[in-house]
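The numbers in the numbering used here rise by one with no breaks, and the one at position 60 of the sequence shown is 62.
No lab work stands behind these hints: they were computed from the structure.
Accuracy of the hints is not assured; some may be wrong.
As the list claims (entries may be wrong) - Restraint ranges, calculated between C-beta atoms of paired labels, are given here: (1) 58 x 14: 38 to 46 Å; (2) 20 x 87: 31 to 39 Å; (3) 46 x 18: 37 to 45 Å; (4) 8 x 29: 42 to 50 Å; (5) 82 x 8: 18 to 26 Å; (6) 91 x 34: 17 to 25 Å; (7) 10 x 64: 44 to 52 Å; (8) 11 x 108: 29 to 37 Å; (9) 65 x 9: 45 to 53 Å; (10) 24 x 82: 24 to 32 Å.
For every residue, glycine included, the Cβ atom is placed at its ideal position computed from N, Cα and C.
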Amino acid sequence: AVRPLYNLVMGVLAAMQSLGWVLVLTLVVLYAAGILATRLVGQGILFPEQEDVSNHVRNIFNSVPQSMFILFKIMNGAQSDADASAVDALMNRIPAFKFAFVFFLIT
């Protein structure tokens with residue numbers, strides 16, 4: 003009666019190791035995408051100075067932790083209406099950004 007329980011516990015522990023690596027990979031992708039979003043959008047590298055870009059679009063990507071959190075919310079479908087409208091405005095301004103978001107969501 004003890005052997006099946008031991009096999010079950012060992013299987014759960016092996017699955018936990020795999021989930022740990024999935025978490026590490028997710029954090030690495032979020033960190034890389036957060037750095038890109040902060041540099042390109044939050045610091046305005048993507049937009050020339052004369053272009054009118056909403057302050058809210060820049061503010062939601064103003065730091066790497068903030069960008070990571072926004073991207074995490076987008077990845078999970080839990081963004082607020084204000085965040086969704088800011089991202090929609092960003093995608094309407096630069097249509098090629100849609101491909102970057104699709105790539106981010108797939109990885």
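Here is what the structure says about each hint:
1. 58 x 14: 38 to 46 Å: Roughly 44 Å apart at Cβ, these two residues keep to the hinted range, so it holds.
2. 20 x 87: 31 to 39 Å: At roughly 37 Å between Cβ atoms, residue 87 and residue 20 fall inside 31 to 39 Å, so the hint holds.
3. 46 x 18: 37 to 45 Å: Holds, since residue 46 and residue 18 (Cβ atoms, about 42 Å apart) stay within the stated range.
4. 8 x 29: 42 to 50 Å: violated (32 Å)
5. 82 x 8: 18 to 26 Å: Violated: the Cβ-Cβ distance is about 47 Å, outside 18 to 26 Å.
6. 91 x 34: 17 to 25 Å: holds (23 Å)
7. 10 x 64: 44 to 52 Å: Between residue 10 and residue 64, where Cβ atoms are some 47 Å apart, the hint holds.
8. 11 x 108: 29 to 37 Å: Once the Cβ atoms are compared, 34 Å apart, the range 29 to 37 Å for residue 108 and residue 11 holds.
9. 65 x 9: 45 to 53 Å: holds (47 Å)
10. 24 x 82: 24 to 32 Å: holds (26 Å)
When the structure is compared with the earlier hints, violations turn up for hints 4 and 5 and for no others.
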